Amino acid sequence: MQLKEKITKFILKNRVAIFFVLLVISILSRFAWLFNPILSLWRFRKVRRIGNQIANWCFDSEKNIEIFTKETISHLDWASFELRHPNYVYGYSKALKNYAGLPDIYPIKVSYSHGAILDESIFDTQSKSQIGLHDYKIPVFLAWGHFERDMVKKYHTDNRVYVIGTPFLYADNLFSDEYINNERNRLGKNLLVFPGHSNYGVEQNSNWDKLIASINKYKSDFDSIRICMFWKDIQLGLHKFYTEKGYECVCSGHTEDCNFVSRLKGLLSICDATITNQVGTHVGYSIAMDKPVRVCSPVQISDLISCTSEIPSYFSCSGRLLLNELFIENENLIISNEMRDAVEPYWGLREKKTKEELRQIFFEAEQLFRKSPKRFTLLEYR
Numbered sequence: 002m003q004l005k006e007k008i009t010k011f012i013l014k015n016r017v018a019i020f021f022v023l024l025v026i027s028i029l030s031r032f033a034w035l036f037n038p039i040l041s042l043w044r045f046r047k048v049r050r051i052g053n054q055i056a057n058w059c060f061d062s063e064k065n066i067e068i069f070t071k072e073t074i075s076h077l078d079w080a081s082f083e084l085r086h087p088n089y090v091y092g093y094s095k096a097l098k099n100y101a102g103l104p105d106i107y108p109i110k111v112s113y114s115h116g117a118i119l120d121e122s123i124f125d126t127q128s129k130s131q132i133g134l135h136d137y138k139i140p141v142f143l144a145w146g147h148f149e150r151d152m153v154k155k156y157h158t159d160n161r162v163y164v165i166g167t168p169f170l171y172a173d174n175l176f177s178d179e180y181i182n183n184e185r186n187r188l189g190k191n192l193l194v195f196p197g198h199s200n201y202g203v204e205q206n207s208n209w210d211k212l213i214a215s216i217n218k219y220k221s222d223f224d225s226i227r228i229c230m231f232w233k234d235i236q237l238g239l240h241k242f243y244t245e246k247g248y249e250c251v252c253s254g255h256t257e258d259c260n261f262v263s264r265l266k267g268l269l270s271i272c273d274a275t276i277t278n279q280v281g282t283h284v285g286y287s288i289a290m291d292k293p294v295r296v297c298s299p300v301q302i303s304d305l306i307s308c309t310s311e312i313p314s315y316f317s318c319s320g321r322l323l324l325n326e327l328f329i330e331n332e333n334l335i336i337s338n339e340m341r342d343a344v345e346p347y348w349g350l351r352e353k354k355t356k357e358e359l360r361q362i363f364f365e366a367e368q369l370f371r372k373s374p375k376r377f378t379l380l381e382y383r
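Residue numbers (my numbering): 2 to 383.
Mixed in with the good hints there might be a few duds.
With a cut-off of at most 27 Å between alpha-carbon atoms, the simulated DSS-like pairs for lysine-lysine come out as follows [unchecked claim]:
hint	residue 1	residue 2
1	LYS292	LYS211
2	LYS241	LYS220
3	LYS354	LYS292
4	LYS155	LYS354
5	LYS356	LYS154
6	LYS218	LYS190
7	LYS354	LYS138
8	LYS190	LYS220
9	LYS155	LYS353
10	LYS246	LYS190
11	LYS353	LYS138
12	LYS292	LYS218
13	LYS246	LYS220
14	LYS154	LYS354
Please keep in mind that the hints were generated in silico from the structure rather than gathered at the bench. Note that this is a predicted model, so its numbers are computed, not measured.
Kindly generate the complete structure, drawing on both the sequences and the hints.
Take a look at the structure:
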């Protein structure tokens, strides 16, 4: 009781000072975003240093690939200057800003998806399939293709939408010409395989033997075959299934690696064709790089382990099923006009903007953001 009385007396005696302290904290919290870049600098430098160390080499051992996916995680969560942190994933914001000639530390006032969206229910905030891919508090949304544009206009009428194509189109190739030539000479005609990967509380369980059987059918057509693994599956140790069978595994990096999309473009530039057992963003990227792609032994719901209550519906959405049906028949590994037309609404491969056009979009987004009543909420977040 005495302690309670002492605290009460202290508060009453110093109430004016306490009031001003709380007032100052309240004011500073509205401008906390100004200090975040300063606090993030050492992390940002750490990430860039790691990225530069591994920029021009691939993976010549199991140890290397495990270290690669592990070391690029610990300092990444706040190593971003973006107001909307998801803009940073896969290095998309870096690719867009570099292309438009904007500095790394400038936070772009737009939002966009981090993958090709194939299902309408993703955009409906009332749907159970809504997995938080977008932040519609930011007035400007950059759609990959016309499907995404139409869905945003349907469900989020307050947003201004621009179709710019996938950020993959704007990324530089991380590997040097010399490195690419050396790798092509070492590997010869190369097939790059993208196994369906774990994500969003879902782990891959089986289907590996089916994929291996599909890969074996192409052994006589290629000099080498490499497996491009997702970082999470490497952490789970799933890459060992392939390395134990003698396949070389590669990886584009962690989700929040600022060089991810540029490294993936480099890996695709080395190969001659790709195969996969699950439609994902790599399908459109392969077509963008003029690399034929085939879907072999597609992943089924029974091949997945859900870490949550249910398997997300986007694994069986209409867009994914349509592309599965088209690319599963591509046994001869060609690229037809029908295939290009099929991926266009989702990846927007013909929608790439010029540098001037993209800069103008960012300028308009900046102006709209300054007028947005929700801007302080976003600034406080960062």
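Results for each hint:
At roughly 23 Å between alpha-carbon atoms, LYS292 and LYS211 fall within 27 Å of each other, so this suggested pair holds. Between LYS241 and LYS220 the CA atoms are separated by roughly 20 Å; this keeps the pair inside 27 Å, and the hint holds. Among the hinted pairs, LYS354 with LYS292 is consistent with the structure: their alpha-carbon atoms are about 22 Å apart, no more than 27 Å. Annotation: proposed proximity of LYS155 to LYS354 holds, straight-line Cα distance about 24 Å (limit 27 Å).
In summary, the hint linking LYS356 to LYS154 is supported, as the alpha carbons are separated by about 25 Å, within the 27 Å threshold. Restraint check for LYS218 and LYS190: the C-alpha separation of about 15 Å stays at or below 27 Å, so the hint holds. Taking the CA atoms of LYS354 and LYS138, the gap is near 24 Å; set against the 27 Å cutoff, the hint holds. The straight-line distance between the Cα atoms of LYS190 and LYS220 is roughly 11 Å, inside the 27 Å bound, and the hint therefore holds.
A C-alpha spacing of about 23 Å is found between LYS155 and LYS353, which places the hinted pair at or below 27 Å, so the restraint holds. As the CA atoms of LYS246 and LYS190 are separated by approximately 20 Å, the hinted pair is consistent with the 27 Å bound. For the suggested pair LYS353 and LYS138, the alpha carbons sit about 25 Å apart, so the restraint of at most 27 Å is met. A distance of roughly 18 Å separates the Cα atoms of LYS292 and LYS218; the hinted pair therefore holds under the 27 Å criterion.
Straight-line distance between C-alpha atoms of LYS246 and LYS220 comes to about 13 Å, which keeps the hinted pair within the 27 Å bound. With a C-alpha separation of about 20 Å, the suggested pair LYS154 and LYS354 falls inside the 27 Å cut-off, and the hint holds.
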